[in-house]
Amino acid sequence: MTTTKTVRWTIADLKLFPENEKCYEIIDGELFVTRAPHWKHQEVTGNAYAQLQNWSRQTGLGRAAIAPGVIFSETDSVIPDVVWASNQRLEECLDESGHLTDAPELVVEVLSKSKKDRQRDLELKLKLYSTEGVQEYWICDRNKQEVKVYRREQAYLKLVATLFAQDTLITPLLPGFSCLVGDIFF
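Numbering of the sequence shown is given in our numbering, commencing with residue 19 and proceeding in unit increments.
Think of the hints as simulated: they come from the structure by calculation, not from any bench. It cannot be assumed that every hint is accurate.
[Stated by the list, open to error] Here are the computed lysine-lysine pairs in the DSS-like style, where the Cα-Cα straight-line distance is at most 30 Å: (1) Lys40 <-> Lys133; (2) Lys162 <-> Lys134; (3) Lys58 <-> Lys134; (4) Lys162 <-> Lys131; (5) Lys134 <-> Lys166; (6) Lys162 <-> Lys145; (7) Lys166 <-> Lys131; (8) Lys133 <-> Lys33; (9) Lys162 <-> Lys176; (10) Lys166 <-> Lys145; (11) Lys162 <-> Lys33; (12) Lys58 <-> Lys131.
Produce the entire structure from the sequences given, and follow the hints as far as they go.
Dropping the structure here:
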């Protein structure tokens, strides 16, 4: 009788890969390799970042970043499109390499066209972010021009709103933050 053992990838394995335009993420020991995102994907990412960073500069309450490494554990290491973290969180969780070692308060993912990539953001990452303590998760669909907002309720991230271009995005996480959803997709 033969048994098949599943390969479990760790963050140590990532050091062996070449530095190129590919993005390597590990979720529950499974390796995901993606190519550089579509131009429009990057525009939406930049727009979401700009909204969060402008609010952060006005309030001084935290900072936003594009595609930071977030290392939750040896077998869970991801690169969200955008994150926002409070100053206190950054002090506690930013390592010497510039990676977060714990959950930021807010994560933003922009969906790609690929069914496999969409499924990862809508299912695997939602579960990971929920388990790891992210307070709010925005999933931006550039094709539908909608933002799904998940907020922590008790121990899980739950869908609380689906917003469209004409809607205004506000959040109790960021006092006074307000953004027309359409501005994320222009």
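Cross-check of the supplied hints:
1. Between Lys40 and Lys133 the CA atoms are separated by roughly 18 Å; this keeps the pair inside 30 Å, and the hint holds.
2. Straight-line distance between C-alpha atoms of Lys162 and Lys134 comes to about 18 Å, which keeps the hinted pair within the 30 Å bound.
3. Distance hint between Lys58 and Lys134 is fulfilled; the C-alpha atoms sit about 18 Å from each other, no more than 30 Å.
4. With a C-alpha separation of about 11 Å, the suggested pairing of Lys162 with Lys131 holds against the 30 Å cut-off.
5. At roughly 18 Å between alpha-carbon atoms, Lys134 and Lys166 fall within 30 Å of each other, so this suggested pair holds.
6. Proximity of Lys162 to Lys145 is assessed by CA-CA distance (about 23 Å); at most 30 Å being required, the pair is judged to hold.
7. Among the hinted pairs, Lys166 with Lys131 is consistent with the structure: their alpha-carbon atoms are about 16 Å apart, no more than 30 Å.
8. Between Lys133 and Lys33, the direct Cα distance comes to roughly 28 Å. Compliance with the 30 Å bound is thereby established for this hinted pair.
9. Pair hint Lys162 plus Lys176 holds up; C-alpha atoms about 20 Å apart against a cutoff of 30 Å.
10. For the hint pairing Lys166 with Lys145, the CA-to-CA distance comes to about 15 Å; that is within 30 Å, so the pair holds.
11. For the given pair, Lys162 sits about 37 Å from Lys33 by alpha-carbon distance, which is inconsistent with the 30 Å threshold.
12. Straight-line distance between C-alpha atoms of Lys58 and Lys131 comes to about 11 Å, which keeps the hinted pair within the 30 Å bound.
Consistency note: the structure conflicts with earlier hint 11 alone.
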